[in-house]
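**Student:** Construct the entire structure; sequences and hints are all you get.
Those protein sequences? They're chains A and B, same order as listed.
Residue 407 in the working numbering sits at position 407 of the first sequence, and the numbers go up by one each step.
Count along the second sequence from 1, then add 461; that gives the number in the working numbering.
For the record, the hints were derived by calculation from the structure and aren't laboratory data.
It cannot be assumed that every hint is accurate.
[Said to hold, decoys possible] Cross-link-like lysine-lysine pairs, in silico, BS3-like; alpha carbons within 30 Å at most:
(1) B:Lys653 - A:Lys215
(2) A:Lys168 - B:Lys653
(3) A:Lys168 - A:Lys215
(4) A:Lys156 - B:Lys653
Predicted, not measured: the structure shown is a model, and the values here were computed from it.
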Amino acid sequence: MSTFDIRSSLREIYPPARILTRPAELAPYESDALTAFRARPVAVVLPQTQDEVVATVRWCNRTGVPFVARGSGTSLSGGSLPVPDGIVIALNRLNRILRLDPTERLAVVEPGVINSDVSRAAAPHGLYYVPDPSSQPVCTIGGNVAFNSGGAHCLKYGMTTNHVLAIKAVLADGEVVQLGGGSVEGVGPDLVGIFVGSEGLLGIALEITLRLLPKPEGYRTVLAAYRTLEAAGEAVAQVVAAGLLPGAMEIMDRLAIEAAEAAVGAGYPLDAAAILIVELEGELPEIEAELAHLMRVIKVSGAYEVRLARDEAQRQVIWKGRKSAFSAVGRLSPDYIVQDGVVPRGRLAEALAEIERLSRESGIRVANVFHAGDGNLHPLILYDGRQPGALARAEELAGEILRLCVRLGGSITGEHGVGMEKRDYLPQMFGQADLEAMRRLRRAVDPLELSNRGKMFPSRE
Amino acid sequence: MICRPRSIDDVQEVVRERTRIRPRGGGTKTALSAPADGETVVDMSGLTGVVEYDPGEFTFSALAGTPVREVEALLAQHGQYLPFDPPLAAAGATLGGTVAAGLSGPRRYRYGGVRDFVLGVRFVDGEGRVVRGGGKVVKNVAGFDFPKLMVGSLGRLGVLVELSFKVFPRPRSYATVHVERADMSAAVEALKDLYVSRFDIEALDLEPPGVLWVRIGGLSESLDVRLQRLLEFLGRAARVLRGDEEVALWESVREFSWVPAGCSLVKVSITPGRVTALEERLAAREPARRYSVGGNLAWVACPGDLGDLDAILTSVGLAGLCVLGPPGRVRLGAWGDGVFAERVKRALDPGGRFGRIA
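**Tutor:** Structural data, given as structure tokens:
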């Protein structure tokens, strides 16, 4: 089908105003948050109803045109990168919270709903939606579901998949299916579980039933400063060994601290090689008791400065620096790659030392911000895209770090997904038979491989 | 015909040689593990042992035939536990059987069910290939989430051979509040209040016609204060259970010792808001039953034929799985869309060796 035919044929479904085809209109959709990759789609359509999405997918199945579903485009793995001969189905207008049932502790939402809007809607009922990726104020639930993106609280609360109860989805051939039933306990194979994190390769979620949790009664947030990155990494292992289960444990290294301080002035100790943030949450009497244990652990962990947030304002200041870290690093470098490999927690210190060595050897600066509680690293690899070859060198270092993660028994991705970026690294983690089974599953659901074509699986195929 | 593989290679061989296969772990889920005519039972009890356990990681990997009890004993040595509280552990349930049946016990209320704690899986698919999915770290999104897919798959998508799980530090002490309400509707209201409260509840069960069991766990030094607050919230005379009596109570719940002899036991997927509708339909027959996980799971015990319960579940739009009882009907009521499940089945077991999925 020619470009012209595709565009005119889409008018069966959309008024002209909701079919974008001009170069200037398409430009914002050419990449997602991984801006190193770009591709121009033939058209972008803007559905306003689930029926329009279904009609579009059926149209794609009939015409053989591949499609990429997209929310706010915050994917850091190129997950919503367009296919050059395909269309983009932009789901931002499907942004209604269809039902919020506080007594059932669930919310039924459309895929274009912004993550933090769910918690905002649930707040008057004392409830919240747990998964909180750093892009929470912008990213959509549909994207969270596609990539099973988690955030800072995955050790205790699990990833996005643990908070999705049911999904109504349109498969690539236009078949509409209902997976799961809204209860936390299901029967039969966990189909919601296989759909979440499938990176858009199995179809498009139209309605998502989310589990809400009561807001913890209180928090106790501690910031500890260390002279070495390794000491901070070891402190995490000691906290865990003490039998504590914090809601979040985050580490930032010197470069990340410097950037965050310059950006928001959270008052972090600037002479620290690393800071560790540990947050306990739950019933007040319980977290008070846990805090006593935590403080004992932190004291013997070699921290040279320890701060306890005395009130909500102080707590927010501590988190402000952490939450701004990614964007703040933009002050240090015009470009950067964010990796999100995972290592077993006990090998954090080893991984950090090795990343430091790789950074030194390559002469490429790396800032580290990570979810230490679940071993999810976020090395930010700084480069200047205007210098020839700089991106390639940064990507090479990123690849080294991913191989390191696998070597230490971890994963190439903890929350960003494989997408376009890491597809050639998937065989580092999985063998031929494993990948073949995944491919067979993909083809059984989407024989023409129309849905998010080219993602997740190695490029040689 | 029963095969008892000693290695993963053996499992592959059996799968390739036989046309109809029923995997079995400890055989505790009688309705699910008994073979139909012509099926070869693959008895996994020979594939046992913890492969890897690092307490500092909160993770372990073990072969699928490993008894849950054995794992629990090992974890307990390091102050850890399986928070999803696998049922029938004392009866001999295995890790593989627990995952394949998709069963969790009352303590799954707090941190999630078996689906939320399984991190990695190796299974033999319908063509005899060993397939791995997931990993051994607590956060990982690389590739399709096969570990989740295997939860509740009833051995019909593959034979599980190895599993990795997340574990947690075990609460150091427990207390349970037993409180009675005048009738079922008052009890359901109390259950709903607790469900949206900020109490960190370990388990929340309702036993018709009006008994609530509320379990809390945590550090010993704060438990009394928390218990006091909970009692004030419940606002009336309640009995508090502690120590051995408390532990024994929940042990009997997860072992299903309360199920009358000769009854089949059906797991029903439900939500708190639908408990009343199911209760109204069950009222005439009054089967032994228990609402667990804050009203997200009903266990219904029925003598004899399950036709009535099937009809009742269908009428209220709920799905049930028969776990204990004679082999035969295992799916009851209104199961979801089979189209997606069929396609998944086609990918992993195209020859249909493991039986129908839907």
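**Student:** If any of the earlier hints don't hold here, list their numbers in rising order.
**Tutor:** Violated hints: none at all, because every hint is consistent with the structure.
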